[in-house]
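Top line first, the protein sequences correspond to chains A and B. Per the working numbering, the very first residue in the first sequence carries number 1; after that it's consecutive. Per the working numbering, the very first residue in the second sequence carries number 1; after that it's consecutive.
Don't read these hints as lab results, they were simulated from the structure. Accuracy of the hints is not assured; some may be wrong.
[What the hints assert, rightly or not] Dumping the calculated SDA-like pairs for lysine to any residue here, alpha-carbon to alpha-carbon at most 20 Å:
(1) B/Lys242 / B/Lys739
(2) A/Lys124 / B/Glu1003
(3) B/Lys739 / A/Asp145
(4) A/Lys150 / B/Glu686
(5) A/Lys150 / B/Arg1121
(6) A/Lys150 / B/Lys739
(7) B/Lys115 / B/Lys1185
(8) B/Lys979 / B/Val1032
(9) B/Lys1185 / B/Glu1232
[To be verified] Label pairs and their in silico Cβ distance ranges:
(10) B/Glu826 / A/Val123: 53 to 59 Å
(11) A/Val123 / B/Thr140: 32 to 38 Å
(12) B/Thr421 / A/Lys258: 40 to 46 Å
(13) A/Gly275 / B/Val1032: 53 to 59 Å
(14) B/Pro521 / A/Glu32: 53 to 59 Å
(15) B/Ala97 / A/Arg89: 23 to 29 Å
(16) B/Gln1036 / A/Val123: 53 to 59 Å
(17) B/His591 / A/Gly275: 32 to 38 Å
(18) B/Gly450 / A/Asp257: 56 to 62 Å
(19) B/Asp819 / A/Asn234: 24 to 30 Å
(20) B/Thr597 / A/Met192: 57 to 63 Å
(21) B/Glu482 / A/Asp257: 43 to 49 Å
(22) B/Gly471 / A/Glu32: 22 to 28 Å
Where is the CB? At the ideal position from N, CA and C, for every residue including glycine.
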Amino acid sequence: MKASYYPGCALHGTALEYDESARAVARLLDVELVELPDWNCCGASSAHATDEVLALNLAVRNLTIAGTQGMDLIVPCAACYSRLKAAERKISGDGGRDNSFRVLNPLEFLFLSGLSVRLQELVKRPLTGLKVVCYYGCLLVRPPDVTGAKQYEHPEEMDRLIQLMGAEPIPWSYKTDCCGGSLVLTRTDIVMRLTGKLFEKAIEAGAEAIVVACPLCQSNLDSRQEEISRESGNHYELPIFYFTELIGLAMGHRDADKWFRRHFVDPRKLLASKGLVRGRSYEKD
Amino acid sequence: MKKIEQQGDNGKVGAVLVVGGGVGGMQAALDLANSGFKVYLTEEGTAIGGRMAQLDKTFPTNDCAMCIISPKLVETGRHLNIELMTDTEVAKVEGKAGDFTVTLRHKPRYIDVAKCTGCTECAQVCPVIIPNRFDGGIATQRAAYKLYPQAVPNAYAIEKKGIAPCRHACPSGQRAQGYIALIRENRYEDALRVIKEDNPFPGICGRICNHRCENACNRALLDQALDIRALKRFVTDIVYAKPRRPVQAITPTQTTRVAIVGAGPCGLTAAQDLVRVGYPVTVFEALPVAGGMLRVGVPEYRLPKEIIEREVADIVDLGVDLRLNSPVTNLDDVFKQGYDAVLIAVGAHEGIRPPIPGADLDGVLINTVFLRDVRLNRPPELGDRVVVIGSGDVAMDCARTAVRLGKEVHVHYRRSLNEATADPLEIEHAQAEGVTFHYLSNPVEILADGKNRVAGIRLVRMELGEPDESGRRRPMPVVGSEHVIPCDNVIFSVGQRAGLGFIPESVGVGLTREATIAVNPNTFAATRAGVFAAGDVTKGTAFVIEAVDSGHKAAASIHRYLQGEDLEPPLRPQLPVITLTKEEINERVVHGEVHVTPRVRMQARTVEERKRSFDEVNLGFTDEEAQAEAARCLACGVCSECLSCYYICGMKAIDHDMVERLEEVKVGSIILSPGFEVYDAVLSQEYGLGLYPNVLNALQFERVLSASGPTMGHIERPSDGKTPRKIAFLQCVGSRDSKHPYCSSVCCMYATKEAIIAKEHEREIEPTIFFIDMRAYGKGFDAYFERARGEHGVRYVRCMISRVVEDPRTKHLQITYVDESGEITEETFDMVVLSVGMTPSRSARELAKKLSVDLNPYGFAKTDSFTPLATSRSGIYVCGAFQGPKDIPETVAQASGAAGAASAMLSEARGTMVAVKEYPEQRDVSGEVPRIGVFVCRCGSNIGGVVDVPGLREYAASLPDVVYAEENLYTCSQDTQVKIRKAIEEYRLNRVVVASCSPRTHEPLFQETIREAGLNRYLFEMANIRDQCSWVHMSQKEDATLKARGLLRMSIANARLVRPLEKQSKGVVRRALVIGGGLSGMTAATGLAKQGFEVFLVEKQGELGGNLRHLYTTVDGKDVRKFLQELREQVLDDARIKVFLNADITNFSGYVGNFKTTLTVGSEAAAYELEHGVTIVATGGDELKPREYLYGEDRRVLTQLELEKGLATGGINTSELREVVMVQCVGSRNEERPYCSRVCCAEAVKNALSIKALNPKTRVIILYRDMRMYGFLEEHYARARHAGVRFVRYEETRKPQVSAANGALELAAYNPVLRESVSFHPDLLVLSTATVPADTVQLAATLKVPRTTDGFFLEAHMKLRPVDFASEGIYLCGMAHSPKLIDESLSQASAAVSRACTILSRETIQVGGVVSVVDQEKCAACLSCVRVCPYNVPTINAEGAAEIEVAKCQGCGLCASECPAKAITLQHFTDEQIIARCEAISDGRY
């Protein structure tokens, strides 16, 4: 199976481990990811807030290139996904557009292509004993008019994948709350409050880690824990995984350790305590 | 029974179809049937009762819903002229008003309603558990079920969606879902029975079946298919571990004989089936053992010998003559031995030796021979290195067998792993045991060692090319890749075929090109008559389960052949196969019904153990594993046809072969009453219904509150069973939102009710209702709401809630809202109840489509304000929630109204299609000593399993005056009714006592029976030894028997004293009096006239029209003036209506059917004496003229009606209007008038919109407390907001203040949202003043009918008799009842007509029976009875003694119990009888 792949800026930069783990999982599933040739910025974060025409055209250019490829377009970054879906929806209304491909986030891709079943067969090392909450954030499923998601308040796909990997996804009410990702630079006070609440609720639910499918959520949640701990007086040390990392780990991918090393909160300590990575001390690398 | 079927005049049909058996449908049906029409009442469910039956209590009276609906259920179910059709939908309607032809579709119920006694036994044994639909899915039910205990018809039904895919995929149709369900119930013997229904080899198939069931399993869409095979094996493991019970041999009953050649699975299956139907059967087997390929082809480590022997013995012991070591060498010989039919089922035991060089060398083996020799303990000599060619299941058997013989084994296969046909688990096991696999490797030659023994094998590598005819890619040799490997043995395993040497061409049995026997695939008949063939011998190698299937079919075919029937099997109806989609499974996940749970993996022996012995590899499931695996079943078909119900049912009422049936009926009119569905709040994901266990919808909570609900009325949190303390009710879920832009009308009140009832159940509960507007607009609603808030302490918070969040540890629910002070507050609740709105059901929408009836934009039936009950298609009427969201009384009123409309249209055909029952003459039993017959019911095992019924019967026979006693399996069954009638004749019984269930459901049936036998109905008595005895004392059998004796003694003691009672016939004056000439009165008068009855219409004013004269338009823009004009003309033009204007009623007397009214008209001195059979009160109401807000002091202050008039006539020039302020609730909802006037919100919005239409620049402000724009009025409220009308709330405690300083009006109002005062300077101040009832103090006293404290008339029952007075024959409608809008008054007026027609359509009425009678000698005229009678019946007559009019008495007995002189007796419940009962129970002789 082949599919187009739009990494966006994050997966080429801050979220390298998302990119690598996504590609690794694809290889294990026999899916060839073809990076969209000559792709450009999706327009998230600033363009769509300042210039509607520019924002639309940035996305449309990418969609046009994808049309020439004739394969489903996988967009791992939730922000990029949202922009491209919004543009797709807008232009498909005009009629006459090429609908030969779908814009999908990796979760949709796995379920729509039936690969989720195959995934289970490839599990080599079930993530038994790992308790997590899945966090979808705001853009992966919402607004439903754009994403077409049916369960936009309580999405399930990530939870089901994680369960198939042998870990225990704990249901919680904050799957689609906002982490404040778009206010990172302008209103850090709000971001601190929103992410702080997510940590609190995740721990309340009994989770040992949070699983995400968005580079903005990941960096926001991963990088702020020390600061929030300092200010709130609580000690937060919650690993923030990309779901692809956990799939890769369960399939026994040898690069998993490399991905985990890039995290602010090192997940290897938790994983070692579950016997999921080789047990050595990860106190300070 | 006499039935006259003829069409009325004008070709109109005197029958009506009522669709929907809820409270509306029942009411319409009863009204019609009671006024001379035949009714077909269809209900798509299995019982009538509708939504109301699900409710716990009803508002605002807190009556028990079931208690008040139950009598209606019984009446509907037993009515001679209502043909009740459950499980029925309308398929098609043709024709026109007056003469429709309706095609009905009766769906199979699988239980014959006529035979079912409702005894519960089928449900007790049904293993299939599904969410209980009556309880909204919060509890479970069985696939065999009765909708609810009081259901009518009192019969069970089976829910069957179709065939589960597992069963469909199985060649033999194994009911996998059924035995899985039984495993879950720990009923292993039953599970085995279910497997054996279709397959005599459960232990075998539980091990080696190729399980197509699993490949078809819907569960694979969620996680993995169920391990069905392992579950099957588990059942046999458990049952076979117990000592085997000997099988009873069957004595042959047939004279023809059958021979079967081959004792494999096919032959033995056929032998079993044929022996069971009575044939002598001989099985000839060539081998020394039975079981065929199972026994000699499958290795021991996969299928232990004991299992085969056991299952073969179970068949042979039925009486099969099995002859081992008896090869058939010539088929003709068999016929010569006198067999009439022969089945050839010799299997395919000959392996195939491919024609390659060296294939004949020593050491080359053939799979079947090799396996057989090992299995029969004569293993061949093998060298160290064995090569197996092939990769099917048999190849795996060969390879793994060779491993166990201690050899090094290599498998060579010419294709790749993907194409290998063996079970993947077999390949996995073989690999684990050390077998080496070489794919894409094909032998070309076997090399010899010089002694003609195998020394090696030459192979060629292959590659895959294009797909071949089998769909698999064709292997092609790779040139130059030949190579040799050394080996000692080669085992070919490339296929098997039958050995057919015993069938020479001369015997006349044709073969196919593939060397199998040619047979007709349907009949298994070979080309020679009497010869049949089945199994591998006809198809080539297949699996056991296919052999079993062909064995069954061949046996059936042979049976038909020997019986001389047509050989082709009869066609059976096919149910749909239930293949679930991903979406459907996801929906179940979302609703929390299914969770992702991987398959349980069966334990196996370690590889080391396996290599050493032939012990069975797979170890089977443990109890826990089997339970876990069985629990994964999705029960796709719902009913699995496990037949548990079929075997238990003593009435033989179960019929799994029922099919859908079409029926045509002729009707003159159709009434649609399909009801509503509650909004599926799972769609409002933000509230977490289905996800958070402690979030319920209101209907589910209603069931929680109900004593008959899943928690028996205990309020428990689903998550932990604890009593919740804080409960939040969230209003407007699925109402007043973008997808449902209407108000559901009832939720404010039902939430209030549920909050009150919850508090009544558990004092410590603290309910909070979060709402937008409190819409308590109905009669008595506001008082109810105030009581909830005041007396009961229900907290109301005005805030729409946007989401519910769950604490994952405690399962508490957090809600964020803006509190009174404007602060954002987060509060935690133990439980959340969603007040879900009403939506039209999907089936109702489809119905409308089929009937070409238009729907409104929201999917409800489209109606018009002036014809609220008529659909867009002439002759088809609508009532209830399908017309628009509404509560019970409005539904009932509309139902009667629709019945009135239908019967008006068909009045010429009245009485043409009704049946009248004729009875034999009554036997005079006076002067006879009591001769009592007692019938004791076992009710299947319901009574019989607890109470000693034979002992009870004997005991009954010993009691005084009992001359006959018998026991019955079901006393209520039809055959027992015949027995009772016979016994009455034979033993000259004059009293009958039945000891069984409840008189509530069954007394009328038995009364009918004895009446048919010539006995008076009242000579019957019933003892309730089931509901009140065996059911409640299930575990105390002896005490239960004692109690049953006591109950029966009491009944017999009473029966000795019962006397026949006769009803009297009284003539009916078929004429009506209508009091009030407004909208309702005129509508009632014309309605009655259309039905053909004369009417006196009495109006106290000098003009007809009432309030309608002051209205100009309706809120939806209809012309009221024109409508009034037409209505008035109709009244005046109709010769049957006599109008009295300026008339006063001065006297009123008589009773139903015979009233006398005295009128004085204007200044005329003479009084009119009117005689009439019924009376309709339609006295209306008026707009209040207030004494506040400067009304009457400042000409700029108006009422709404004055404004409407000014706007309509041009008296008010809107172009000059800058600002208009309206104030709601002026004179309503205050201490003086604590009721809501209902119409003023709509009136204000209507006038505001009129102003905005005339001058959009005029600012219009409406000061309100709650905007009560219920139902579809909501859209006008939204329209007003869009038009710029401003709505500003005020609080009752801080009313707006008006002043007129400096010539300008100033209005100051406190705005609770802004929390500050705002002021307005309106050009006009418009007051929405209260609606007050007409002055009816005198009239109420004259008619002796009650009024509410507010001065409106009080109906007989707030819910179910909204237009009846308690006094029979007097009805009310319109604003005399309570304030209402035009369409509501029209519906009620039509309802009053319909109710009146139930009297007027009769020549006579029957009165008396169970009524009170006065012994005038004893009466002291103390007035006790007069005061105590709730119906105002007793009067003191001229002789100074109490008199009770039989026609009015309701038989409640209050007067009899109060009368100090014992002058009053309630017939059939005399003191003597009650005392006899008491003595019977208290003298302890039982």
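Hint by hint, here is what the structure shows:
For the hint linking B/Lys242 to B/Lys739, the alpha-carbon distance of about 62 Å lies beyond 20 Å, and the restraint is violated. Restraint check for A/Lys124 and B/Glu1003: the C-alpha separation of about 69 Å exceeds 20 Å, so the hint is violated. Distance hint between B/Lys739 and A/Asp145 is fulfilled; the C-alpha atoms sit about 14 Å from each other, no more than 20 Å. Taking the CA atoms of A/Lys150 and B/Glu686, the gap is near 13 Å; set against the 20 Å cutoff, the hint holds.
Taken as a hint, the A/Lys150 and B/Arg1121 pair is broken in the structure, with Cα atoms around 51 Å apart against an allowance of 20 Å. Pair hint A/Lys150 plus B/Lys739 holds up; C-alpha atoms about 16 Å apart against a cutoff of 20 Å. At most 20 Å may separate the alpha-carbon atoms for a hinted pair to count; B/Lys115 and B/Lys1185 exceed this at roughly 65 Å. For the given pair, B/Lys979 sits about 29 Å from B/Val1032 by alpha-carbon distance, which is inconsistent with the 20 Å threshold.
Of the pairs offered as hints, the one joining B/Lys1185 and B/Glu1232 holds, with about 14 Å between alpha carbons and a cut-off of 20 Å not exceeded. A C-beta distance of roughly 41 Å is found between B/Glu826 and A/Val123, which places it outside the suggested range of 53 to 59 Å. Checking the proposed 32 to 38 Å range against A/Val123 and B/Thr140 shows it holds: the Cβ atoms sit about 34 Å from each other. One distance hint, 40 to 46 Å for the beta-carbon pair B/Thr421 and A/Lys258, holds here, with the actual separation near 42 Å.
For the hinted restraint 53 to 59 Å between A/Gly275 and B/Val1032, the CB-CB distance of approximately 56 Å keeps it satisfied. A C-beta distance of roughly 47 Å is found between B/Pro521 and A/Glu32, which places it outside the suggested range of 53 to 59 Å. Between B/Ala97 and A/Arg89 the beta carbon distance is about 49 Å. The supplied range of 23 to 29 Å is therefore violated. For the pair B/Gln1036 and A/Val123, the supplied restraint of 53 to 59 Å holds, since their beta-carbon distance comes to about 56 Å.
Look at B/His591 against A/Gly275: about 36 Å separates their beta carbons, and that is inside 32 to 38 Å. Under the hint 56 to 62 Å, the C-beta atoms of B/Gly450 and A/Asp257, about 60 Å apart, fit the expected range. A hinted range of 24 to 30 Å for the beta carbons of B/Asp819 and A/Asn234 is consistent with their spacing of about 28 Å. Between B/Thr597 and A/Met192, the C-beta spacing of about 40 Å breaks the proposed range 57 to 63 Å.
At about 47 Å, the beta-carbon gap between B/Glu482 and A/Asp257 stays in the expected band of 43 to 49 Å. Taking 22 to 28 Å as the suggested C-beta distance range, the pair B/Gly471 and A/Glu32 conforms, at roughly 26 Å.
In the structure shown, a violation is registered for the earlier hints numbered 1, 2, 5, 7, 8, 10, 14, 15, 20, in ascending order.
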